[in-house]
Structures are given as C-alpha cells and as structure tokens.
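Participant: Those protein sequences? They're chains A and B, same order as listed. Position one of the first sequence corresponds to residue 1 (the numbering used here), numbered consecutively onward. Position one of the second sequence corresponds to residue 1 (the numbering used here), numbered consecutively onward.
In short, the hints are calculated from the structure, not lab data. The model shown is predicted, which means the values in this text are computed figures rather than measured ones. A hint or two may mislead.
[Claimed, not checked] When the alpha-carbon atoms are kept at most 25 Å apart in a straight line, the in silico DSS-like pairs for lysine-lysine are as follows:
#: 1; chain 1: A; residue 1: K4; chain 2: B; residue 2: K16
#: 2; chain 1: A; residue 1: K271; chain 2: A; residue 2: K257
#: 3; chain 1: A; residue 1: K119; chain 2: B; residue 2: K16
#: 4; chain 1: B; residue 1: K104; chain 2: B; residue 2: K153
#: 5; chain 1: A; residue 1: K253; chain 2: A; residue 2: K265
#: 6; chain 1: B; residue 1: K129; chain 2: A; residue 2: K4
#: 7; chain 1: A; residue 1: K377; chain 2: B; residue 2: K16
#: 8; chain 1: A; residue 1: K377; chain 2: A; residue 2: K119
#: 9; chain 1: B; residue 1: K130; chain 2: A; residue 2: K18
#: 10; chain 1: B; residue 1: K16; chain 2: B; residue 2: K210
#: 11; chain 1: B; residue 1: K66; chain 2: A; residue 2: K119
#: 12; chain 1: B; residue 1: K210; chain 2: A; residue 2: K377
#: 13; chain 1: A; residue 1: K4; chain 2: B; residue 2: K108
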Amino acid sequence: MQFKALLIDAYRQLSAAKLFWVTVGISALVVVAFGSIGFNPEGISIGFGAYQIDSEQLYEGSPWARGLYIGIFSSFLVKIWLAWIATVLALISTCSIFPEFVHSGSIELTISKPIDRFKLFFSKYLVSLLFVVLQVAIFCFGIFLCVGLRIGEWNPMIFSAIPIVATFFSYLFAVCVLVGILTRSGITALLITGIFWMMLWSVQTSEIVLNRFVTGLQVDIERFDEGIVTATEELIKIQAKSETDFRIPTLEKRIEKFQLEIDEKQESLDKLTPWHTPVEWTLAVLPKNAQTIGLLDRWLSDSDGFDIGAIMNGDMRAFEDEDVKEFDPTTRRARGREANRRIQEDYESRSLWYVVGTSLLFEGFILGLGSWYFRRKDF
Amino acid sequence: MTVIQLQDVEKVYRGKVHALRGVSIEVMDGEIFGLLGPNGAGKSTLVKIIMTVIHATKVSGTLLGKPIGDRVTLESIGYLPEHHRFPYYLTGNQVLHHYGALCKVARKERNTRASSLLTRLGLSGWEHKKVGTYSKGMLQRLGIAQALMNNPKLLVLDEPTDGVDPVGRREIRDLLAELREEGRAVFLNSHLLSELEMVCDRVAIMVKGKVTMQGTIDSLTVDSRRYEITTQGALPNWATELADNVSGNMMTFNGDDPAKVQPVLDRLRAENATIVSVQPVRENLEDLFMRAVDHKDAPGAIR
Numbered sequence: 001m002q003f004k005a006l007l008i009d010a011y012r013q014l015s016a017a018k019l020f021w022v023t024v025g026i027s028a029l030v031v032v033a034f035g036s037i038g039f040n041p042e043g044i045s046i047g048f049g050a051y052q053i054d055s056e057q058l059y060e061g062s063p064w065a066r067g068l069y070i071g072i073f074s075s076f077l078v079k080i081w082l083a084w085i086a087t088v089l090a091l092i093s094t095c096s097i098f099p100e101f102v103h104s105g106s107i108e109l110t111i112s113k114p115i116d117r118f119k120l121f122f123s124k125y126l127v128s129l130l131f132v133v134l135q136v137a138i139f140c141f142g143i144f145l146c147v148g149l150r151i152g153e154w155n156p157m158i159f160s161a162i163p164i165v166a167t168f169f170s171y172l173f174a175v176c177v178l179v180g181i182l183t184r185s186g187i188t189a190l191l192i193t194g195i196f197w198m199m200l201w202s203v204q205t206s207e208i209v210l211n212r213f214v215t216g217l218q219v220d221i222e223r224f225d226e227g228i229v230t231a232t233e234e235l236i237k238i239q240a241k242s243e244t245d246f247r248i249p250t251l252e253k254r255i256e257k258f259q260l261e262i263d264e265k266q267e268s269l270d271k272l273t274p275w276h277t278p279v280e281w282t283l284a285v286l287p288k289n290a291q292t293i294g295l296l297d298r299w300l301s302d303s304d305g306f307d308i309g310a311i312m313n314g315d316m317r318a319f320e321d322e323d324v325k326e327f328d329p330t331t332r333r334a335r336g337r338e339a340n341r342r343i344q345e346d347y348e349s350r351s352l353w354y355v356v357g358t359s360l361l362f363e364g365f366i367l368g369l370g371s372w373y374f375r376r377k378d379f
Numbered sequence: 001m002t003v004i005q006l007q008d009v010e011k012v013y014r015g016k017v018h019a020l021r022g023v024s025i026e027v028m029d030g031e032i033f034g035l036l037g038p039n040g041a042g043k044s045t046l047v048k049i050i051m052t053v054i055h056a057t058k059v060s061g062t063l064l065g066k067p068i069g070d071r072v073t074l075e076s077i078g079y080l081p082e083h084h085r086f087p088y089y090l091t092g093n094q095v096l097h098h099y100g101a102l103c104k105v106a107r108k109e110r111n112t113r114a115s116s117l118l119t120r121l122g123l124s125g126w127e128h129k130k131v132g133t134y135s136k137g138m139l140q141r142l143g144i145a146q147a148l149m150n151n152p153k154l155l156v157l158d159e160p161t162d163g164v165d166p167v168g169r170r171e172i173r174d175l176l177a178e179l180r181e182e183g184r185a186v187f188l189n190s191h192l193l194s195e196l197e198m199v200c201d202r203v204a205i206m207v208k209g210k211v212t213m214q215g216t217i218d219s220l221t222v223d224s225r226r227y228e229i230t231t232q233g234a235l236p237n238w239a240t241e242l243a244d245n246v247s248g249n250m251m252t253f254n255g256d257d258p259a260k261v262q263p264v265l266d267r268l269r270a271e272n273a274t275i276v277s278v279q280p281v282r283e284n285l286e287d288l289f290m291r292a293v294d295h296k297d298a299p300g301a302i303r
C-alpha cells in the first residue's frame with residue numbers, strides 16, 4: 001500500500017511537470033518520423049511517400065530493408081535520441097525529485113509515517129525511474145507498431161530497449177540522487193551528474209581509442225611476424241634452388257623491413273600498454289553506459305542484414321569483399337580489417353555480467369551510500 | 001495510561017551543540033499537553049525525536065507503551081510538523097489519501113475519513129483544488145486533517161495555529177477539546193501562551209535543552225496565588241505589619257486561603273476605609289513562562 005502510494009505520487013509529480021509532456025510530445029514526433037519511412041518494390045519512401053529513393057538493395061522484403069529499419073531504431077533512435085537527448089531531458093525533469101523530497105517541511109511528513117527509511121529511499125528511487133520507463137515504453141510501443149506495419153516484423157525484442165535504457169539512466173540517476181540528498185539542490189545534482197556523465201564518456205572513449213591502438217599494434221606485429229615467417233620460408237626455398245636468384249635481395253629487404261616494423265610497433269605497444277591497463281580497470285569498476293546501450297545492437301542485429309551500426313562506426317569496409325581471401329595479410333588495409341574484426345569480437349564477447357553487472361554494482365554502491373546517509377540523517 | 005514517557009533524552013548535534021540535556025516528560029492518555037519554551041530551547045528537536053525524524057544521542061522511555069523509535073507505533077500517531085510543505089501538485093483530497101496510505105489506512109476507510117475531516121476542518125468545497133491555491137490557514141487545517149487520517153491515539157502538533165486567523169484558532173481549540181473528549185492525547189508545541197493556557201491540561205517549560213517546570217497550570221502557579229486589597233486613599237499604618245507586601249494603596253496577602261484576608265477586611269470597615277477591590281490573583285502562563293525562562297539569560301542551546 002505504501003509503495004503504491006509512492007508510485008501514484010511519483011506519477012502525479014511527473015505528470016504535473018510540463019517537461020514530461022514535452023518529452024512525450026517530442027518522442028511521438030520521432031516515432032511519426034520513423035514511421036514515415038517505408039519500403040516498396042522500387043526502393044525506399046520517406047515522409048509517407050513524399051520522397052522516393054529507388055534502390056536495388058533496399059526494397060520491400062529485402063533483408064537489408066529490415067536491417068536498415070531496425071538499425072535506425074537501435075543505432076540512431078536509441079543511441080542518440082533515448083541515450084542522449086531524452087536522457088538529458090529526463091535528468092532535468094527528475095533531478096529535483098530527491099531534493100524536494102528531503103526538503104524541510106516535506107520530509108518530516110513522510111519519515112514520521114510507519115515506513116522504514118531504507119524502504120522509503122529505495123521505493124522513492126524506483127518510482128522515480130518511472131519517468132524513463134514510461135517514456136521509453138511509450139516510445140517502444142510506437143516503434144513496435146511502425147516496424148510491424150512497415151516491414152511486417154512484430155519483433156518483441158524492441159521492448160528490450162525499456163530495461164536497457166532504464167538501466168542506463170539509473171547509473172546516472174543514482175549519482176543524481178546521492179548528490180541531491182547531500183546538497184538538497186536539484187541544480188547541483190544535475191551539474192554533478194552531468195560532470196560524472198562526461199567523465200564516464202571520457203573513460204569509455206579513452207578505452208575505445210586505446211583498445212583500437214593496442215589491438216591494431218598487436219595485429220600489426222602478428223601479421224609482420226607471419227610475413228617474416230612466410231618470406232623466410234620462401235627465401236629458403238629459393239636459396240635451395242639458386243643462390244643468385246633475383247628475388248633473394250627483395251625478400252631479404254622485405255624481411256628486414258618487417259623486422260623494423262615489428263620493432264617500431266613493439267616500441268609503441270610498450271608505451272601504450274601501461275596506459276591501456278589502468279584505463280581498462282577504471283572502466284571495469286565504472287558504469288558502462290555506452291556498452292549497456294550497445295546491448296540492444298547485439299540483441300537486435302541480424303547477421304544477414306544491413307548493419308547500420310557498422311556504418312555509424314565508419315566501418316563500411318565490413319561490407320566489402322567479405323568472402324575474398326586476403327592476398328597479402330600484411331597490407332595496411334588487411335591489418336586494419338583484422339583489427340576491426342577483433343575489436344568488434346572483443347566488445348561482443350563482453351558478458352552481460354561485465355557490462356551490466358559491474359555497472360549495477362557501482363550503482364548499488366552509490367545508492368548504498370545514499371541510503372546510509374538518508375537513514376542516519378537528522379531532518 | 002502514559003502515552004509518552006521520556007527519560008533523560010539527550011541530543012548533541014555535530015559541532016557539539018547540546019540541544020537536549022536530559023529531558024524527561026510524561027504525557028497521559030486523554031490530556032492536552034503543552035510544550036513551551038523560547039526559541040532554540042529544543043522543543044522541535046524533542047518533537048522530532050518522538051516522531052523519529054531525528055535520532056536522539058541518548059533516549060529511554062516509551063511511546064504508546066512501545067520503545068521510542070518503533071515504526072509500528074507510528075501507525076497510531078498523527079503528526080503535524082512546523083512549516084510543513086505538501087506537494088503542490090496534489091489536491092487536498094489527494095494529500096489526505098497519500099499520507100493516509102503511508103500510514104497504512106485502507107482505501108475505503110480513507111475515503112470516509114478524508115471526507116469527514118475536510119468537513120470538520122472547514123475545507124469542504126476545496127477538496128479537489130490543488131494545495132498550491134490554499135491560504136496559510138487552510139494549509140494548517142489540512143495539516144491537522146492529515147494528522148488525523150490514521151485515527152491516532154496520540155496527536156503531535158507543532159505550532160498548529162501558526163498563520164491561522166482568530167476564528168480558525170478558536171475552531172482548532174474546539175477541535176482539540178473534542179479530541180480530548182474522544183480520549184486522545186494531544187502533544188502541543190506552541191509559542192502562543194494564551195492558546196496553550198486555554199486548552200492545556202498540563203504544560204512543560206523547556207529552557208536551554210532542559211525541562212524547568214512541568215505540571216498542571218494550577219500546580220505550577222500555586223506559589224504565586226495571593227489576594228490583593230485596594231483601598232481608596234492611603235492605607236492605614238498597620239497595613240505594613242499585616243500584609244506580605246504593600247504598594248501604594250494596595251495590600252498583598254500571599255496564599256489562596258480567603259479566611260486569611262477576612263480580619264483585614266473587618267478592620268478596614270471598622271475604620272471606615274473605602275475598599276475598592278478584593279482580588280484573588282495568580283500568575284498567568286506568560287508570567288510563569290517569563291519566570292521560568294529568566295530572560296536575563298540569552299535563550300538557546302548550549303555549546
């Protein structure tokens with residue numbers, strides 16, 4: 001009964017906030033814009049048929065059409081709209097919930113009731129997440145209808161965006177709540193949460209960049225190493241036939257060049273590794289919000305389809321010559337392709353426990369601090 | 001039955017502010033108990049400790065027979081904090097339902113009680129209006145209604161008449177008297193001494209974190225009772241010998257025994273003196289308060 005009362009109160013508080021309805025309105029517009037994209041036998045239509053783009057790959061019923069449609073949702077609407085714009089709006093709307101809750105004159109009325117302070121704190125926290133859950137649920141329902149009506153795929157996995165985005169938001173909201181009850185100021189809570197979010201973004205970006213460099217260097221070293229082995233084998237074969245073959249100097253030069261490359265790359269790798277490991281460990285204990293949102297890509301992706309996420313990452317090469325065997329694995333392009341493949345594999349192999357579990361542990365720690373303070377505080 | 005029994009309550013805030021220094025009070029069932037004292041005496045701290053809003057540094061005693069801090073006991077206590085703030089987006093009716101539900105009052109019961117309390121506190125017609133549109137006095141009345149939603153055995157009110165007009169104050173006094181008739185105990189914290197004097201059965205005066213006086217107003221003022229006899233013209237010479245105090249043409253006789261002044265009156269008449277008035281006098285609550293506070297000392301908590 002008490003939880004229900006807090007839930008109803010949270011709903012009333014949110015629905016009394018104009019920003020809630022503004023966000024719902026913008027969400028509806030985004031859904032309508034998404035729904036305006038359709039496919040026909042000739043290609044793709046935008047703006048409910050206002051514009052027509054003829055295509056040989058993207059047409060009604062093609063697997064790429066499905067990939068594009070789902071990809072727009074998981075890579076643009078979720079990653080940009082829900083994970084950035086709607087989250088900022090949600091933080092602005094909810095940052096004052098806890099400061100107002102613990103405001104003098106208001107908190108006495110609530111904590112003097114027969115409800116445990118821990119239970120009160122966590123109930124208030126959970127019902128405050130209602131803002132995001134409601135927003136995303138409405139949004140996903142609209143997207144679900146669009147996808148079903150446009151490409152005939154009634155995909156319930158679209159609703160997996162609800163827990164994913166709510167979990168993503170909860171990492172930030174936990175910090176907002178802690179600062180909110182410590183300072184009793186919504187603005188301060190919002191600012192500190194923003195700084196925290198930027199810090200997370202910096203750590204995650206550093207990890208991605210360092211990972212890209214380290215993986216690239218490792219691939220380079222491996223490939224040059226393999227190149228030396230191949231060239232040496234070839235050299236031995238040629239030398240066995242003739243000591244004066246014209247290819248011998250070229251191969252020797254090649255082996256020498258590879259060795260120089262290996263030395264150079266190893267030196268760079270040795271310089272980067274001391275930075276990469278601490279950043280990896282720092283990220284391991286912090287919320288991984290980008291990777292949490294990235295889960296949706298994993299769950300919605302279709303290996304046969306068109307991966308718009310890869311395009312967003314600038315990896316168009318992933319769609320080129322997929323089945324072509326590398327002629328020379330030591331070329332820059334071949335090494336780059338292998339590095340990208342490994343990075344992709346690395347991120348996709350990160351377990352749910354690593355991505356969400358460790359993030360929730362951090363969130364639990366922050367909320368533990370908040371609830372401990374709330375329980376001991378004299379109001 | 002004792003509804004509040006507190007012994008040696010101590011509260012030391014951070015920075016070594018000693019807000020309460022061994023407070024002991026007792027509130028009985030069916031009485032209105034007034035807590036008074038100057039600003040910073042520790043009254044609100046004591047009220048908040050009773051309501052578990054503040055943790056005492058040291059406390060022993062019971063609340064409705066259960067140890068202080070027992071959450072279940074709070075189901076039977078109504079509380080109106082000082083300077084309370086209701087969520088602006090709720091209507092009066094929603095406020096009562098919200099706080100009633102937090103007190104675990106069933107929905108059906110909440111419906112009945114909210115409606116009758118809004119009528120009883122003169123808020124009919126306002127139940128569906130947002131509390132942001134309420135006046136200060138209406139918010140106070142809504143606050144009292146909120147405190148009564150769980151049909152409490154004990155009502156703790158912190159400055160209930162703050163911002164209420166004289167008519168409203170009278171209504172609240174009448175309501176408190178009715179609640180006492182219903183057998184509920186009321187713990188009242190107020191600055192308005194005249195209000196307290198009119199309704200309280202017993203009072204406690206707190207000064208610098210300590211209870212300096214506690215009891216019924218009659219028992220606390222017994223030492224101040226006296227008879228004052230005023231005559232027209234100068235007093236006879238013997239007046240200074242018989243009276244406890246003489247000032248101008250007024251004689252004062254300490255005590256509340258009327259027999260003590262009869263011979264004086266007889267003698268005055270025998271001497272054809274004109275008696276203007278014979279008055280039994282006792283301290284009022286304000287006098288008592290001022291005596292207890294000893295205003296030469298600065299009020300406030302001890303550091």
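Participant: Is B:K16 close enough to B:K210, meaning Cα to Cα at most 25 Å?
Facilitator: Roughly 16 Å separates the two Cα atoms, so the pair holds.
Participant: Can you confirm whether the C-alpha distance between B:K66 and A:K119 stays at or below 25 Å?
Facilitator: It holds: about 22 Å lies between the C-alpha atoms, which stays within 25 Å.
Participant: Checking one constraint from the list: CA of B:K210 to CA of A:K377, max 25 Å. Satisfied?
Facilitator: holds (24 Å)
Participant: Check whether the Cα positions of A:K271 and A:K257 lie no farther apart than 25 Å.
Facilitator: Holds: A:K271 and A:K257 sit about 21 Å apart, inside 25 Å.
Participant: CA of A:K253 to CA of A:K265, is that 25 Å or under?
Facilitator: holds (18 Å)
Participant: Going straight from one Cα to the other, do B:K129 and A:K4 come out at no more than 25 Å?
Facilitator: holds (22 Å)
Participant: Does the alpha-carbon distance linking A:K119 and B:K16 stay inside the 25 Å limit?
Facilitator: Violated - the C-alpha atoms of B:K16 and A:K119 are around 31 Å apart, more than 25 Å.
Participant: Between the alpha carbons of B:K130 and A:K18, is the straight-line distance 25 Å or under?
Facilitator: holds (16 Å)
Participant: For the pair supplied as a hint, A:K377 and A:K119, confirm whether the alpha-carbon distance does not exceed 25 Å.
Facilitator: holds (15 Å)
Participant: Going straight from one Cα to the other, do B:K104 and B:K153 come out at no more than 25 Å?
Facilitator: Answer holds: B:K104 to B:K153 is near 15 Å, not above 25 Å.
Participant: Please verify whether A:K4 and B:K16 have alpha carbons no more than 25 Å apart.
Facilitator: violated (41 Å)
Participant: What's the verdict on A:K377 and B:K16, does the C-alpha distance respect the 25 Å limit or exceed it?
Facilitator: holds (16 Å)
The structure does not agree with the numbered hints 1 and 3 stated previously, though it agrees with the rest.
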